[in-house]
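From first to last, the protein sequence lines are chains Z and R.
Numbering follows the numbering used here, in which position 310 of the first sequence is assigned residue number 310; successive positions increment by one, without gaps.
Numbering follows the numbering used here, in which position 444 of the second sequence is assigned residue number 444; successive positions increment by one, without gaps.
Derived from the structure by calculation, the hints contain no laboratory data.
There could be a bad hint or two in this list.
If several chains are the same, the list does not tell them apart, and a pair holds so long as it fits within one copy or across any two.
To be verified - Dumping the calculated EDC-like pairs for lysine to aspartate or glutamate here, alpha-carbon to alpha-carbon at most 20 Å:
| # | residue 1 | residue 2 |
| --- | --- | --- |
| 1 | K74 | D237 |
| 2 | K155 | D430 |
| 3 | K184 | E109 |
| 4 | K338 | D457 |
| 5 | K74 | E49 |
| 6 | K155 | D237 |
| 7 | K74 | E86 |
| 8 | K184 | E127 |
| 9 | K338 | E39 |
| 10 | K184 | E129 |
Chain residues, written in single-letter form:
There are 2 protein chains.
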Amino acid sequence: MNRFLAAACAVCLAGGLHAQPFQPADLETARELRALALESGLAYEITSELTTRIGNRLAGTEDDARAVEWAVDKLESLGFDRVWTEPATFPSWTREHERVAITAPVEQELVALAIGFSPGTREGGVEAEIVMFDDLAALEAAPGEAVADRIVFIKKRMERARDGSGYGPAVAARGQGSMVAAEKGALALVIRSVGTSTNRFAHTGAMRFDAGSRRIPAAAISNPDADQLERLIASGDPVRLKVDIGAQVNEPYTSQNVIAEITGSEHPEEVVALGAHLDSWDVGTGALDDGAGVGIVTAAAKLIDDHAERPRRSIRVILFAAEEIGLWGGRAWAEAHKDEIENYQLAAESDFGAGPVYEISARVSDEAWPVIEAIHAELEMLGIAMGGRSQARGGPDFMPMSIHGLAAADLSQDGTRYFDYHHTENDTLDKIDPAEMAQNVAAYVVLAWLAAQSPVDFGSGPGLIEAD
Amino acid sequence: MNRFLAAACAVCLAGGLHAQPFQPADLETARELRALALESGLAYEITSELTTRIGNRLAGTEDDARAVEWAVDKLESLGFDRVWTEPATFPSWTREHERVAITAPVEQELVALAIGFSPGTREGGVEAEIVMFDDLAALEAAPGEAVADRIVFIKKRMERARDGSGYGPAVAARGQGSMVAAEKGALALVIRSVGTSTNRFAHTGAMRFDAGSRRIPAAAISNPDADQLERLIASGDPVRLKVDIGAQVNEPYTSQNVIAEITGSEHPEEVVALGAHLDSWDVGTGALDDGAGVGIVTAAAKLIDDHAERPRRSIRVILFAAEEIGLWGGRAWAEAHKDEIENYQLAAESDFGAGPVYEISARVSDEAWPVIEAIHAELEMLGIAMGGRSQARGGPDFMPMSIHGLAAADLSQDGTRYFDYHHTENDTLDKIDPAEMAQNVAAYVVLAWLAAQSPVDFGSGPGLIEAD
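Chain Z extracted, bound-state conformation (with noise of 0.2 Å):
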């Protein structure tokens, strides 16, 4: 079929099936199962349990060992019909202390974290005089000169926002701002926290971990402590810091994704897949990063599975190993599954904490676009409103096989709260509302059922990667 027919046929389905994709018993069934989701208090209680009795799990830790052995308990118990694990190594990093201090013109200490794969300090820590940049381009165009034995101040704030957009400005610094900085021949880095919060956390996270790169110890400070630290040089004199950092980066670890099915009655080669990462940093009890998602996804097939109706397709949860520190999980996930894509209908991952879904978006092929339609009607009454096409990535554990074409959901979360928490020791189970996250079950759970009903294939494949 040429392209031109390829398109015209594809109007023509699309025109067709406009009206309704899906037989009235499966609305019928997304309907049930969207009841009962919003009844349903079992993603808060997976959450609980899996934040009170593991706790956070830093991937490549004995925790993390511990959460992934918890996960293939829970997902058993639960009666999924087949569980297993599959690996992913990775490169691991254990923060053993940090201290930053302001030691000049008085002694102060700070609240900080040491960024994730930052270095050690030398013994006994750095100090020195500092030198502010408004962001990381200012710090890239300064000359070396005034940078070299400095330790760096980079003052750039997040600004907050519903989809999360003010993160990606802010979060350069900490990605790139240790390399950049230690080519100018600075001593350290210290950035204000990528967060939104002016409760006194550190935010923590990974910086850009290239082989061979020369990096310089690196922490965030909380925004109270930026704030007072910008006061400090407001007022003339020369301010003094002293960073103290012990961290290792470690030999290659082995981790695993825990997989879970519900076996599809018709076609249980093709797999609807929701996501979440079992890891989380190791501060805080990654509750809303991303014990949530682990708890939301889960559910939602749970909820599926205790149906008297099973399911045409297969329906997965993925709890992704390693997210946090490089995406391994979701790379070695792409890697080993990348030449069966065709068989991945539809990915969708939740990972931005607990707040309500308030938009669908995906990127399917133009056949499979009424189905979203169709399948957006009844996430409607959850207040959830039709986004964008073709800009769905399914989250960022689908993204390695995203650029592989991956059909894939994003269900957006408000998360206008999120960056108070993410990341920081306030991360904990209290900061989710349980009826905000049956909302996020409702949603997941009327998504996986209707894909898995699906008349349509989703289009995974090299074709979506054109369709971009």
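Knowing the structure of chain Z, use the given hints to seat chain R on it.
For chain R alone, coordinates are given in the frame of chain Z:
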């Protein structure tokens, strides 16, 4: 004059004054000062400088000495007529380290702060099974064998209230829990933080420190950590904790109350006293507690000092020492000045953050009550209601003098959010709303000015004790 005649005369005077005790020019000045205060950023600037240049300032430390030096310089540079210090001597306490961790059924670090005057544990800490109580009364009622050789956990929650009334019922565990648990043979005490925040900050504060009574090491854990502990205990497995505290009670230290005066033009010996305390806990930067009070009362006095018209009576700003660890500055001041209590016309302390003032109450002579009512009339446009009679104590640092019959006014602040930050690492400048702070300054400037101009004495002395 017998009591009956005195009372009749008071009623007569009250009736006569009710219309308006103040001269029109005094009211005009009060209104000018009020308008200037609402536009002034001085209180915020002072609090910013104290918390930025000095940071926290635990009584008895080098930071305390730096704060005293700063306060003397600041008050002198503001141009008050007289600035001086008066000594206060007290036992002090130093935090060295604290660590509270769950050791079974899982290992997790908790966010904790040792309670002030906690003894240290033995080297390496103590580790034992936990026994949980609803509140101090439940611990008091428990048989010794339920407590001996255990670590006691008191889970009492503080309730949020505008007037801070949830503090008292919860703080009993902090004040007396260590002694009560010690009597029953417990190894250590851990309490839920006495605060209303769900952010992961522990709340410090002093325990009762009776020489001779046996105490055990005690710490508060953050509210999310207390929730976590409760969930683990509810899961049924025995829960064990490790508590490791290093702390020292030090030799007596002498700090200073720092006092500034606007000398009265007609009755310099008669004093309107505005108080705040200069010390803070050793966490956060003591912005709300009580950097805000220092800023508010100093700015109010400075506005009066800058005005062309001199007050009839003297107005003194008293920045008390060592409030947090036992009202030592207030006790020293009462001891030094109780014999001249009649000179202290009216006292009011700002020590409840920077939330807006919503009510004025007072303990003054019957003759002076109409003056308070007339002052209230000038506060009403600030949203301040008339509160109760005979209930005011003027604030914590005036309490030692209050028992001798000090006339006092309370400008009650909205404390709904105060205990989200109080005594935590999170008590920093950004928690202050400059506009709300300016409203406080406006209230204090009206109160101080009109009290200094009052045609009637406020009645400090033994007579006010009888009036209770």
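Do the hints match the structure? See the list:
1. Proximity of K74 and D237 under a CA criterion of 20 Å is satisfied inter-copy only: 18 Å between copies versus 57 Å inside one chain copy.
2. For a Cα distance limit of 20 Å, the shortest separation of K155 from D430 across copies, 16 Å, qualifies, whereas the shortest one inside one copy, 30 Å, does not.
3. Proximity of K184 and E109 under a CA criterion of 20 Å is satisfied in neither setting, with 27 Å inside one chain copy and 38 Å between copies.
4. Taking CA atoms no more than 20 Å apart as the test, K338 paired with D457 passes inside one copy only; the shortest distance there is 17 Å, against 88 Å between copies.
5. In this assembly of identical chains, the alpha carbons of K74 and E49 lie at most 20 Å apart only when taken from the same copy (10 Å versus 54 Å across copies).
6. In the homo-oligomer, the alpha carbons of K155 and D237 lie at most 20 Å apart inside one protomer (18 Å), although the nearest pairing across protomers, at 46 Å, exceeds that limit.
7. With identical chains, the CA atoms of K74 and E86 are at most 20 Å apart within one copy only, with a shortest distance of 17 Å there and 66 Å across copies.
8. Taking identical chains as interchangeable, the C-alpha atoms of K184 and E127 lie at most 20 Å apart only when both belong to the same chain, with a minimum of 17 Å there against 49 Å between chains.
9. Taking the shortest Cα distances, K338 and E39 never come within 20 Å of each other, neither inside one copy (37 Å) nor across copies (65 Å).
10. Taking the shortest Cα distances, K184 and E129 sit within 20 Å of each other inside one copy (15 Å), while across copies they are farther apart (54 Å).
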